[in-house]
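Visitor: Below are the chains, spelled out letter by letter.
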Amino acid sequence: MALLVKHMLGLEQVEREDIETILDTAASLQEISYRPVKKVPTLRGKTQVNLFFEPSTRTRTSFEIAGKRLSADVVNFTASASSLSKGETLADTARNLWAMRPDILVVRHSAAGAPHLLAKLLDTPIINAGDGAHEHPTQALLDMFTVREKKRKLSGLKVVIAGDIAHSRVARSNIYGFSKMGAEVWVVGPPTLIPPGIERMGARVSYRLEEAIPDADVIMMLRIQLERGAGSLFPSLREYAIRFGLNPARMRLCKPDVLVMHPGPINRGVEISPEVADGPYSVILDQVEAGVAVRMALLYLLCAGAEHEDTDQGRT
Amino acid sequence: MSKERKILDSDAVKRAMTRIAHEVVERNKGVESVVLVGIRKGGEPMARRLAQLLTEIEGRPVPRGFMDVTMYRDDIFHQKTHPKVHKTEIDFDIEGKVVVLVDDVLFTGRTIRAAMDALMDFGRPRSIQLAVLVDRGHRELPIRADFVGRNLPTARGDRVKVKFGEGAEEDQVVLIEAEENAAEPAGNEGGK
Amino acid sequence: MKTLIKGGRLVDPGQGLDEPRDVLMDKGKIEALLDPGGKVSTGVRTVDAKDCLVVPGLIDMHVHLREPGQEYKETIASGAAAAAAGGFTAVACMANTKPCNDSAAVTDYILERAKAAKQVFVYPIGAATPGLSGEGMAEIADLKEHGCVAISDDGRPIMNAELARRLLEYCKGFDIPVVSHPEDLNLSAGGAMHEGYISTQLGLPGIPAEAEEVMVARDILLAELTGGRLHLAHVSTAGSVRLVREAKSRGAAVTCETAPHYFTLTQEAVRDLEYHTSTKMNPPLRTQEDREAIIQGLRDGTIDAIASDHAPHSPVEKDVEFILAMNGIVGLETSLGLALKLVHEGWLSFSQLVERMSVAPARILGIPGGTLRPGSPAHVTVIDPAREWTVDVAQFKSKSRNSPFQGWKLRGRAVQVWVEGKKIV
Ligand SMILES: [Zn+2]
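Just so you know, the protein sequences line up as chains A, B and C, in that order. Heads up, the first sequence is in my numbering, so the first residue is 9 and it goes up one at a time. Heads up, the second sequence is in my numbering, so the first residue is 24 and it goes up one at a time. Heads up, the third sequence is in my numbering, so the first residue is 27 and it goes up one at a time.
I should point out that these hints are in silico values taken from the structure, not numbers from a laboratory. Every clue listed holds true.
Lysine-lysine pairs mimicking DSSO-like chemistry, simulated, CA-CA at most 30 Å apart: (1) K124(C) to K141(C); (2) K161(A) to K64(B); (3) K110(B) to K161(A); (4) K120(B) to K47(A); (5) K64(B) to K46(A); (6) K107(B) to K47(A); (7) K110(B) to K158(A); (8) K128(A) to K423(C); (9) K76(A) to K64(B); (10) K198(C) to K170(C); (11) K107(B) to K161(A).
Simulated restraints, written as ranges between beta carbons of each label pair: (12) R50(B) to Y42(A): 28 to 34 Å; (13) N84(A) to E236(C): 43 to 49 Å; (14) R276(C) to E219(A): 43 to 49 Å; (15) E207(A) to K449(C): 56 to 62 Å; (16) V83(A) to G53(B): 47 to 53 Å; (17) A187(C) to P243(A): 26 to 32 Å; (18) D114(B) to V83(A): 32 to 38 Å; (19) P63(A) to E192(B): 56 to 62 Å; (20) K186(B) to K158(A): 33 to 39 Å; (21) E207(A) to G372(C): 31 to 37 Å; (22) G205(A) to E192(B): 52 to 58 Å.
If you want the ones that stay clear, here's a sample from chain A, every Cβ over 12 Å from chain B, calculated: (23) T65; (24) G164; (25) P204; (26) S214; (27) G277.
Beta carbons: idealized from backbone N, C-alpha and C, even for Gly.
Use the sequences and the hints to build the structure in full.
Guide: So this is what it looks like as structure tokens:
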């Protein structure tokens, strides 16, 4: 029942079997959040360190709640990129952390591969909470969880991911995840926001929303990441919103049971109009709720997995 | 070769269950405030069966739910493969109720300890009672069942398999004796 | 005392030789090449080279020795020792030190330090522009007079095409080659690895092959316009090889080099080594098609030389996030072993290997060496082509350890290195 992987660095290396274990476990744990006492003692005495080098209240809070519902001691360690430029490297930070004996590490960093560097330096299980434009596996897992709860399956669905694919770790993780579960993934955006070779990751490419969405079961809208320089890749937000925004007119092209998703934060009026974000197709709040359950499942599965490696020898 | 021995056949299981049902009614003077919570997985079919019997005896439905206690176990980090977490489904209020915990086999008592802790997180029951089909001994905690189908002396390494047949299938309880010298893990009720 | 290197197979493409010969050295020069098995006269020290290749001393025409300024990464002495250990008798060092080699004073300093190191010959390459600023010309004639053998802003391109033109033109008058670092900074901006499927997968900003190729094309056109001598550093793409091949077929005065990592590794290494920064260099590791084109270019002579682009960095620059890590790897001590792989795999002959690693660099830079013709300086490398060894960065003479080849098993290495008739390895 333990996962095949020791760390959750990305969905690229994760087998379908593990994804199913995580989603099933999350489905079992979701009920805890509805109890009068929203807490189980599973990770009592374990220390979970949330190491955030990039500001993210939402993801950090979700991991914090997940850890606390499992009774872990949750420590938040927020470092800005500026403290790194003062000479302390990620490796230094890692060694300092090691001295605190964490049982699990949740890492968010603006540099792709930063969690992999920590995984090489530390023996602790690591969950990648988003690294640069590389992967954001827990977001994809909660997205899959949300879709599976609504559609009762993932296999055979058509999932359209639209927007700033080039800079999106959410897109990458979702392409791997949904493809592994048997869904068909499309990516849509202007050519300058579609990175080269994305087809080889298992996605189909379209430059027009109208072409992709009519038979879609899921439409996932992504934010334009201006902070990563996306702004120079199209003329203006106005033109972008007109061409690539999900609005009521475009929703009329869609299947009646389509799900509209967004990993947040939303730029209302740019990639998604307020009517759509708050409309009947939107499962954006379900995604947030699923996040806690999925992260609880991962914390539980990885913590327990780590323990066996160290202490279980000869125990049976 | 390990030896398998049938302890209870279908009729014996039925008699034991009927007796437990009557004891529950007698002890609680009816089933008005009784709710059943089966411990997943082994206690689940037994709780269904017991709920059905109580309904037949008393002529009124008895609420029943199911609980997975994995997240409350004290041995979760001590097992080679940690158990699959199943859903907990208790869609009624346990506040002020008499909760009858239902499990198929009582062994070390650690599962029941975990189940009582879990139950407390759902509210404050008036009392908790315990019904098991087989008590095989080897308690590691001060826990005792209120309703027992059969007391069964076993060796520590033995395994007890309970099957509640569905439809035309037979119910049965089988004792699988440990191979000589084969050590079994302590504190692991996963293989009961 | 005279020394005879005896029993080896002499490979000297300059003389068209690939046969058993004994090499007699005296007073720092090659005195004679003798038929094997001859009687050794008294007073001659003999050194055995049985089962070995005896070749003109190898020359690495593109290394970064970091001194002055970054002695914690490498010094001229440690770099020269690494060169000797790798089988080289001479290296040419790039100008991007601190301060950079844009003045005769720095050139003199480098040569002094090299002399004191008593290892291999170190030939400085002067900066093309003051402070490697990319604006205006350094004092090129002065640099040449003090010992610079080429000029280059390597590490950076000359983005201004007009200045690139004038540099080629000016250098023509002093018969000194311009070494171009072909990279369009606008196309490569922010990039950390080759742009393609792997960069997409890893979420790293990419550097397209065209960032190199548009500059290779521009520089070739400017070389043809001016008649200046252009040498293209670290060519890494199939497109660059094609452009150089076409230019050479037109008779343009263009030469180029590649580095062992470009014919050994591909972009997949960044993924397979999980963002290991020893796979980060500029130009970046390219595709399998590029790698094959590089090998083909080495085979047909489109690529003149193999140079390591030895770029030592300490953990301060390398034990960091991939995107923040500095570019480059150490190469002096693995270059020959990796090049020999091409020979063992049948891509190159021993003679071609010596051409790319000794003859061509000497010719391009106009420096002594590249031949064992009697009368030439006794720079000799003796290679045991069958000797198996494992790359262990802890054993490197270089001060730095940033190699992606750690743990690789290689076949063949230098077992003796002679500089002016003196054995330094
Ligand atoms: Zn360069």
